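Enquirer: Sequence:
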Amino acid sequence: MKEIDVKLYEYLLSEFPNITESWLAMRKVEEGSVYSLSASQSMEETLREQNRLTNLTVTSSLLDDKEIFMKNKKQWAAVVAPSRVNSKTPIEDVLDALSKVRLTYWGVIKEFYVANEESITIEDYVRWSETINSAFDQIYVDFAETYNKFVNSRFDMQQSLINELSSPVIKLTNQIGVVPLIGDMDELRAQIMLESIPEKCMETNILHLFIDLSGVSVIDTLVAQQIYQITQVLALLGTKSTITGIRPEIAQASTELGLDFSNVETFSSLQQAFSKEFSVVLN
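Convert by adding 365 to the 1-based position in the sequence shown; the result is the number in our numbering.
These aren't lab readings, by the way, just hints derived from the structure by calculation.
Bear in mind the structure is a predicted one, so any value in this text is a computation, not a measurement.
All clues given are correct.
Heads up, simulated EDC-like pairs for lysine to aspartate or glutamate below, C-alpha to C-alpha not over 20 Å straight-line:
1. K475 - E380
2. K641 - D577
3. K536 - E560
Derived Cβ-Cβ restraints for the label pairs, each shown as a range:
4. E482 - Y374: 16 to 26 Å
5. E482 - K453: 38 to 48 Å
6. V371 - V444: 25 to 35 Å
7. F520 - S401: 24 to 34 Å
8. A600 - D549: 25 to 35 Å
9. L421 - L587: 50 to 60 Å
10. S452 - E621: 48 to 58 Å
We put the CB at the ideal spot given by N, CA and C, even for glycine.
Between the sequences and the hints, there should be enough to build the whole structure, so can you do that?
Expert: Next up, the structure:
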């Protein structure tokens, strides 16, 4: 590093507290925002620490060893991005806050320039501008990528839970289970059922599964075909299928598709099927 670069680096390190205070002073009262002037004391302390990390990351771009900056950048994003996801902070709010950090950061560099103008060349200032602005631009990108990664991961977990709940296999006895299907049934949900139901039956050792359609509002021909495939897969795995709550339109759609349900017991209601299976009348 040039001597003037070392001097700037050390000056910036010493000014971190002032950069943070200047940045925090730019806050306004914004309801529900982590950046609000009315945010809790614990959140303000979190912002202070994370701003220090931001300043440290950007300042490390001035070092000759660029790997240090790259490492700091990744670590910074790994700390800040999940924090903003957990607080449900919109990504545009974070980018706006980072723009204000850049503004306060450059204010300190200008103070350094004024104090050391006689020893700073225009080439030095241009080089700092290119390096530091590039560092800010890179942390913007890293933050956005990490933020979206965490959001998508959380969405995938929620979607997985929704998919699991949409076709729950409930054990009635050690070897008998029921899948009560409720709501609209589309091709995607039917495909998820085809993948999950046989697996759940294998995991729980279910040998007889009741598939109840009485709570399903709409079933088209493609879905009827998927349900048929589920019964065929279960049969290959040694699990007997019984379909209950089947309505005339479903039966008609199955017939039009040439689906042979002759090996699958069907009942108009789950109560009727249980009455036969358990030899009791369920009221």
